[in-house]
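The lines below spell out each chain.
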Amino acid sequence: DSGVTQTPKHLITATGQRVTLRCSPRSGDLSVYWYQQSLDQGLQFLIQYYNGEERAKGNILERFSAQQFPDLHSELNLSSLELGDSALYFCASSPGLAPSGANVLTFGAGSRLTVL
Amino acid sequence: AQKVTQAQTEISVVEKEDVTLDCVYETRDTTYYLFWYKQPPSGELVFLIRRNSFDEQNEISGRYSWNFQKSTSSFNFTITASQVVDSAVYFCALSGEAAGNKLTFGGGTRVLVKP
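Protein chains in written order, with the numbering used here: chain A, 1 to 116; chain B, 1001 to 1115.
The set of hints was computed from the structure by calculation and includes no laboratory data.
Because the structure is a prediction, the values reported are computed rather than measured.
We put the beta carbon where it would ideally sit given N, CA and C, even for glycine.
A couple of the hints might just be wrong.
Said to hold, decoys possible - Simulated restraints on C-beta separations:
#, chain 1, residue 1, chain 2, residue 2, range
1, B, Q1083, A, K9, 25 to 35 Å
2, A, T15, B, S1071, 47 to 57 Å
3, B, G1100, A, L61, 30 to 40 Å
Can you make the complete structure from the sequences, with help from the hints?
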């Protein structure tokens, strides 16, 4: 158990729908990162929050949004879902602001989204 | 921009053989960090090792060893005397200021260890 909790583990939904993925970071970690892992794109960075504020943005679609709440848990909202959004979505957390030798990302088990 | 290339998409070995995974990176930063993660069939990503750009010492942890060579921008990973439990996808990753301190992953190398 990495200490990063993601729910749900599996989710099957239809095109056009909206889903919310939830992440609870390791105790004491202030940064939360979201990554998407698909067969054709590999592991892609989506977005990072640090202590409630957005700090870095990657290849996140406009249909996707995220937030980090005062208790530091984070949610990734995916809307108007398309078949191509089917992927494994990872949340990671770290103590500090930027990945470094002292600030290693710890990943959760992932949420597998299937869009039919 | 920064980039991580893992040229080997899949490697198949028989148990007890050694296997070396290649990782080549590109970055404009002088200070950067390299990582290896393991993704077993269960799907989670497990941190294995970190290395900063100023520390070129090789490292050994049990059956795992890492060879960092700045001159060739490589951070290779060797599993000695492989075991079936080593079967997984292994990812090399890089972070640095040039890419806004985002962690950039290579495409991964799938290792299959046969009994």
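Consistency of the hints with the structure:
1. Q1083(B) - K9(A): 25 to 35 Å: holds, 27 Å
2. T15(A) - S1071(B): 47 to 57 Å: Holds: the Cβ-Cβ distance is about 50 Å, inside 47 to 57 Å.
3. G1100(B) - L61(A): 30 to 40 Å: violated, 18 Å
The earlier numbered hint that this structure contradicts is number 3, and it is the only one.
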